[in-house]
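Engineer: Residue numbers (the working numbering): 7 to 212.
Read the hints as simulated data drawn from the structure, not as lab findings.
Ideal placement from N, C-alpha and C gives every residue a C-beta, glycine not left out.
Careful: at least some of the hints might be erroneous.
[Claimed, not checked] Here are the simulated distance ranges between beta carbons:
| no. | residue 1 | residue 2 | range |
| --- | --- | --- | --- |
| 1 | Asn146 | Asp195 | 17 to 23 Å |
| 2 | Pro164 | Ala20 | 29 to 35 Å |
| 3 | Asp72 | Thr49 | 34 to 40 Å |
| 4 | Asp105 | Val194 | 29 to 35 Å |
| 5 | Arg183 | Asp9 | 31 to 37 Å |
| 6 | Asp92 | Gly198 | 28 to 34 Å |
| 7 | Gly50 | Asp9 | 17 to 23 Å |
| 8 | Arg12 | Asp150 | 43 to 49 Å |
| 9 | Asp202 | Pro25 | 51 to 57 Å |
| 10 | Gln71 | Pro119 | 20 to 26 Å |
| 11 | Asp53 | Asn191 | 44 to 50 Å |
| 12 | Pro119 | Asp150 | 17 to 23 Å |
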Amino acid sequence: MDDLNRAVDVASMAVDTTPQDHRNRAGRLNNLGNRLGTRFNRTGSMDDLNRAVDVAGMAVDTTPQDHPDRAGRLNNLGNWLGTRFDRTGSMDDLNRAVDVAGMAVDTTPQDHPNRAAILNNLGNRLGTRFNRTGSMDDLNRAVDVAGMAVDTTPQDHPDRAGRLNNLGNRLGTRFDRTGSMDDLNRAVDVAGMAVDTTPQDHPDRA
Numbered sequence: 007m008d009d010l011n012r013a014v015d016v017a018s019m020a021v022d023t024t025p026q027d028h029r030n031r032a033g034r035l036n037n038l039g040n041r042l043g044t045r046f047n048r049t050g051s052m053d054d055l056n057r058a059v060d061v062a063g064m065a066v067d068t069t070p071q072d073h074p075d076r077a078g079r080l081n082n083l084g085n086w087l088g089t090r091f092d093r094t095g096s097m098d099d100l101n102r103a104v105d106v107a108g109m110a111v112d113t114t115p116q117d118h119p120n121r122a123a124i125l126n127n128l129g130n131r132l133g134t135r136f137n138r139t140g141s142m143d144d145l146n147r148a149v150d151v152a153g154m155a156v157d158t159t160p161q162d163h164p165d166r167a168g169r170l171n172n173l174g175n176r177l178g179t180r181f182d183r184t185g186s187m188d189d190l191n192r193a194v195d196v197a198g199m200a201v202d203t204t205p206q207d208h209p210d211r212a
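Start from the sequences and build out the full structure, keeping to the hints where you can.
Structural biologist: Quick look at the structure:
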């Protein structure tokens with residue numbers, strides 16, 4: 007923890023000593039947000055999480071629209087907002103997390119190596135909001151986005167099985183709501199692919 011505390015302090019000093027109009031300020035804000043978020047994950051300090059959300063928001067606000075790192079910073083902000091929703095149940099945070107995740111997807115080029123992960127995050131946020139509100143629009147969009155995440159994940163990628171599992175779960179949930187046999191059949195097929203893609207010794211295979 008001493009090293010982590012020092013990393014937070016150093017990142018904070020880097021922000022404090024960077025002029026408002028400096029081109030590296032957004033990147034340093036992003037780094038500080040990540041350090042605070044990491045410390046929250048270790049300690050559970052809501053002060054750190056709240057500060058991570060605020061700082062990540064400032065990083066996004068000071069990143070130009072066409073900057074190559076904008077999508078990643080939007081994704082970070084969405085993750086911290088989603089984490090805060092998990093802790094507090096604030097629908098404002100969840101709604102903002104969905105919006106920010108959508109912006110991250112829209113800002114990510116089609117051929118970007120992180121596009122599948124960013125799509126997966128958006129699908130998870132939409133699925134969470136469906137669970138809270140019952141909105142079929144969110145569930146339908148979650149299914150579509152989860153499918154895109156799978157389609158853009160290479161066959162040999164270590165996260166492919168997890169993304170297939172997410173898609174299968176969303177399809178199964180939609181079958182539960184609508185009774186669509188197409189969804190159920192597709193959920194079964196996707197679940198089978200998830201199993202086939204999971205190594206024999208993987209802890210999640212069971």
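Engineer: All the hints need checking, so say for each whether the structure fits it.
Structural biologist: Taking the hints in turn, this is what the structure says about them:
no.	hint	verdict
1	Asn146 <-> Asp195: 17 to 23 Å	holds (19 Å)
2	Pro164 <-> Ala20: 29 to 35 Å	holds (33 Å)
3	Asp72 <-> Thr49: 34 to 40 Å	holds (37 Å)
4	Asp105 <-> Val194: 29 to 35 Å	holds (33 Å)
5	Arg183 <-> Asp9: 31 to 37 Å	violated (48 Å)
6	Asp92 <-> Gly198: 28 to 34 Å	holds (30 Å)
7	Gly50 <-> Asp9: 17 to 23 Å	holds (18 Å)
8	Arg12 <-> Asp150: 43 to 49 Å	holds (44 Å)
9	Asp202 <-> Pro25: 51 to 57 Å	holds (54 Å)
10	Gln71 <-> Pro119: 20 to 26 Å	holds (21 Å)
11	Asp53 <-> Asn191: 44 to 50 Å	holds (49 Å)
12	Pro119 <-> Asp150: 17 to 23 Å	holds (21 Å)
Checked against the numbered hints above, the structure breaks only hint 5 and satisfies the rest.
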